[in-house]
Amino acid sequence: MNIRLLVRIAFSLLLARWKQSLVAAIGVTFSITMFIALLAFMTGLNDLLDGLILNRTPHIRLFNEIKPNNLQPINHDSLFSKKYNFIRSVKAGNSRQEIYNSQIIIKTLWQDKRIQGVAPKITAQVFFNEGKVNITGIINGIDVEAESRLFSFTDYVVEGNAIDLKNVNNSIILGKGLAEKLLANIGDVVQVTTANQQQFSLKVIGYFQSGLVDIDKVQSFASLSTTQKIVGKPSHYITDIQVRLHDLNAAPSLAKEYAQLFETDAEDIQTANAQFETGSFVRSLISYAVGITLLIVAGFGIYNILNMMIYEKMDSIAILKATGFSGRDVNRIFMVIAVSIGLFGGVIGLGFGFLFSVLIDQIPFNTASLPTITTYPVNYSITFYLIGAVFSIVTTWLAGWAPAQKASKVDPVVIIRGK
Amino acid sequence: MTNSETILRAVHINKSFSDPVHVQVLQDINMSVSRGEFVSITGKSGCGKSTLLYILSTLDTDFTGDLFIDCQPMRGLSEKQLAKVRNEKIGFVFQFHYLLNEFSVLENVMLPALKLNLHTEEEIREHALRKLEILGIKSLADKKANKISGGEKQRVAIARALINNPSIIMCDEPTGNLDKTNSLLVFELFKEITENEGLTLMVVTHDQEFANRTHRIIEMEDGKIL
Numbered sequence: 001m002n003i004r005l006l007v008r009i010a011f012s013l014l015l016a017r018w019k020q021s022l023v024a025a026i027g028v029t030f031s032i033t034m035f036i037a038l039l040a041f042m043t044g045l046n047d048l049l050d051g052l053i054l055n056r057t058p059h060i061r062l063f064n065e066i067k068p069n070n071l072q073p074i075n076h077d078s079l080f081s082k083k084y085n086f087i088r089s090v091k092a093g094n095s096r097q098e099i100y101n102s103q104i105i106i107k108t109l110w111q112d113k114r115i116q117g118v119a120p121k122i123t124a125q126v127f128f129n130e131g132k133v134n135i136t137g138i139i140n141g142i143d144v145e146a147e148s149r150l151f152s153f154t155d156y157v158v159e160g161n162a163i164d165l166k167n168v169n170n171s172i173i174l175g176k177g178l179a180e181k182l183l184a185n186i187g188d189v190v191q192v193t194t195a196n197q198q199q200f201s202l203k204v205i206g207y208f209q210s211g212l213v214d215i216d217k218v219q220s221f222a223s224l225s226t227t228q229k230i231v232g233k234p235s236h237y238i239t240d241i242q243v244r245l246h247d248l249n250a251a252p253s254l255a256k257e258y259a260q261l262f263e264t265d266a267e268d269i270q271t272a273n274a275q276f277e278t279g280s281f282v283r284s285l286i287s288y289a290v291g292i293t294l295l296i297v298a299g300f301g302i303y304n305i306l307n308m309m310i311y312e313k314m315d316s317i318a319i320l321k322a323t324g325f326s327g328r329d330v331n332r333i334f335m336v337i338a339v340s341i342g343l344f345g346g347v348i349g350l351g352f353g354f355l356f357s358v359l360i361d362q363i364p365f366n367t368a369s370l371p372t373i374t375t376y377p378v379n380y381s382i383t384f385y386l387i388g389a390v391f392s393i394v395t396t397w398l399a400g401w402a403p404a405q406k407a408s409k410v411d412p413v414v415i416i417r418g419k
Numbered sequence: 001m002t003n004s005e006t007i008l009r010a011v012h013i014n015k016s017f018s019d020p021v022h023v024q025v026l027q028d029i030n031m032s033v034s035r036g037e038f039v040s041i042t043g044k045s046g047c048g049k050s051t052l053l054y055i056l057s058t059l060d061t062d063f064t065g066d067l068f069i070d071c072q073p074m075r076g077l078s079e080k081q082l083a084k085v086r087n088e089k090i091g092f093v094f095q096f097h098y099l100l101n102e103f104s105v106l107e108n109v110m111l112p113a114l115k116l117n118l119h120t121e122e123e124i125r126e127h128a129l130r131k132l133e134i135l136g137i138k139s140l141a142d143k144k145a146n147k148i149s150g151g152e153k154q155r156v157a158i159a160r161a162l163i164n165n166p167s168i169i170m171c172d173e174p175t176g177n178l179d180k181t182n183s184l185l186v187f188e189l190f191k192e193i194t195e196n197e198g199l200t201l202m203v204v205t206h207d208q209e210f211a212n213r214t215h216r217i218i219e220m221e222d223g224k225i226l
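Chains A and B, in that order, give the protein sequences. Note that the first sequence covers residues 1 to 419 in the working numbering. Note that the second sequence covers residues 1 to 226 in the working numbering.
Just so you know, the hints here were simulated from the structure itself, not pulled from any lab data. Just so we're clear, the structure is a prediction, and the values are computed from it rather than from any experiment. Just to be clear, a hint being listed does not mean it is correct.
Lysine-lysine pairs mimicking DSSO-like chemistry, simulated, CA-CA at most 30 Å apart [said to hold, decoys possible]:
id : chain 1 : residue 1 : chain 2 : residue 2
1  : B       : 191       : A       : 409
2  : A       : 256       : A       : 19
3  : B       : 80        : A       : 406
4  : A       : 409       : B       : 180
5  : A       : 406       : B       : 89
6  : A       : 181       : A       : 233
7  : A       : 113       : A       : 409
8  : A       : 107       : A       : 83
9  : A       : 67        : A       : 132
10 : B       : 180       : A       : 406
11 : B       : 143       : B       : 89
12 : B       : 180       : B       : 147
13 : B       : 89        : B       : 191
14 : B       : 80        : A       : 409
15 : B       : 224       : B       : 138
16 : A       : 132       : A       : 113
17 : A       : 83        : A       : 132
18 : B       : 191       : B       : 84
19 : B       : 89        : A       : 19
20 : A       : 233       : A       : 166
21 : B       : 191       : A       : 19
22 : B       : 84        : A       : 406
23 : A       : 229       : A       : 107
24 : A       : 217       : A       : 181
25 : A       : 166       : A       : 67
26 : B       : 143       : A       : 19
27 : A       : 256       : A       : 67
28 : A       : 113       : A       : 181
29 : A       : 409       : B       : 144
With the sequences and hints as input, model every part of the structure.
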């Protein structure tokens, strides 16, 4: 088949009505542009909001929950093993928050190929003393380097240098809200009282701002050794092991595996933050729905213009059919017209969509709660462009289908005799 | 009659409409056309002469009876196969020129040959220019089809009908839209083509004067050949 001839005829028809064709193409361009811009912006925002929590949350957290032992002494007695035992007012015994054999667990975890990194952590409840007032707070003892690498800790240290935590003895980074309550400037010394009534002086070396005000009002960070000193524990004392995986989705199954292997509690990120996925999903869904609606509207534009073109070109269709072009050839001519409009409009739309995304990316966006963000977040994923390209072709193909079918069914006798 | 020189043969062709009332448009048409003949079909308006032409040219397939073009039966051929037959073997000239305005005169003439795809585009261009030369309009080759006069357009349409060296050229009132001078010119062209190029022509016309000067007149009345 000489497709080239059909394409040539299609382009002549297209160019003869170039203004209408252009309007149709602009419809596609507009919708693809909006589709790309909308998705890029929405997804950027999604990533940002998810990142707010997900980047800082370990994929799996190993810890010991303080809770009553499941195996009470009576269960060990063979005399009662076949009986149903009721025990009231069970208390948590001498269970410790500490993870046993933490050094070995960390070593084992480092050898696991599925794991990106491990960061140990200690949480300690303290009171910050501000004159007569005691403010409750939490000191997180962290390994600054691991924490920065795995959970972008440095991104959220808005003032001061995070690594000083390791280099300066008895130093602390306060949450921004907490620092404001304590009226503590960098370089100042704050007093803390531990749960065991021990007093400590810590030097403020920086502020931390997470974006979640409630967290910033209670959280502070110190190095592992400082925190161990505060709580009066030896250097292997660790309450949490935070694990970051290569594949986020493997977290639930791995959490179970580790819980069994290390005999600790293990919480995966999906259980801890289930609501975020739902939010992202709904936002993406809305963007896709709007984008596709725009494309469908553009499709109707193409449909209209092709229909008009067919009425105008009835004579041409009739003579083409009389001189040896089959219905299928005529069909192809009009499909080529439709898809060319889609292709042309689509490619330009992808370009404009990119430009639009870049433009959005330049708009300043400063908010107190998001210290690392200065402009609107935009995601430049190639996926949107591929989806946009495919959709522009598919919609125009569908829009062209009915008119092309109609054109192929034109009976030349009716047209020629009607003259 | 049924020798190899027969280009077109119609056997017992009937056509009727039944909507809204039953009308017999064509009744038992039997005819044949030999190579090199210049035949005219005449008759009053509504006698079925145009209907017959469209059936004989394979454009209208809604009839009973048999049709042979170059001894090849047309019954049962698909739409695509019929399109190929028209492309190869039949040239059309209608009352209206039906040129594609988006194309130049030369391209309009070349189009059926490009579709047939037997020769290279260069060869087809040569052929088309030669046809235009025969018809005396070579100078118009590069003009847009809608930028030339009515008489010229009809001659371009004739050139287009000739481009694939068809077995038969079918014309429906080819001079209907033309003035006296142009009508004469077209007739002379037809005569020349049949005599010099050995082509076969079948013309539907109600112009008695035109018909009288053809080789054979088929006269029709009420769907029958007289």
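Structure-based check of each hint:
| no. | hint | result |
| --- | --- | --- |
| 1 | B:191 to A:409 | violated, 36 Å |
| 2 | A:256 to A:19 | violated, 64 Å |
| 3 | B:80 to A:406 | holds, 16 Å |
| 4 | A:409 to B:180 | violated, 37 Å |
| 5 | A:406 to B:89 | holds, 27 Å |
| 6 | A:181 to A:233 | holds, 29 Å |
| 7 | A:113 to A:409 | violated, 63 Å |
| 8 | A:107 to A:83 | violated, 43 Å |
| 9 | A:67 to A:132 | violated, 34 Å |
| 10 | B:180 to A:406 | violated, 39 Å |
| 11 | B:143 to B:89 | holds, 28 Å |
| 12 | B:180 to B:147 | holds, 22 Å |
| 13 | B:89 to B:191 | holds, 19 Å |
| 14 | B:80 to A:409 | holds, 12 Å |
| 15 | B:224 to B:138 | violated, 42 Å |
| 16 | A:132 to A:113 | violated, 52 Å |
| 17 | A:83 to A:132 | violated, 56 Å |
| 18 | B:191 to B:84 | holds, 27 Å |
| 19 | B:89 to A:19 | violated, 38 Å |
| 20 | A:233 to A:166 | holds, 18 Å |
| 21 | B:191 to A:19 | violated, 45 Å |
| 22 | B:84 to A:406 | holds, 21 Å |
| 23 | A:229 to A:107 | holds, 23 Å |
| 24 | A:217 to A:181 | holds, 8 Å |
| 25 | A:166 to A:67 | violated, 33 Å |
| 26 | B:143 to A:19 | holds, 23 Å |
| 27 | A:256 to A:67 | holds, 19 Å |
| 28 | A:113 to A:181 | violated, 44 Å |
| 29 | A:409 to B:144 | holds, 28 Å |
The structure fails hints 1, 2, 4, 7, 8, 9, 10, 15, 16, 17, 19, 21, 25, 28 (numbered hints given earlier, in ascending order).
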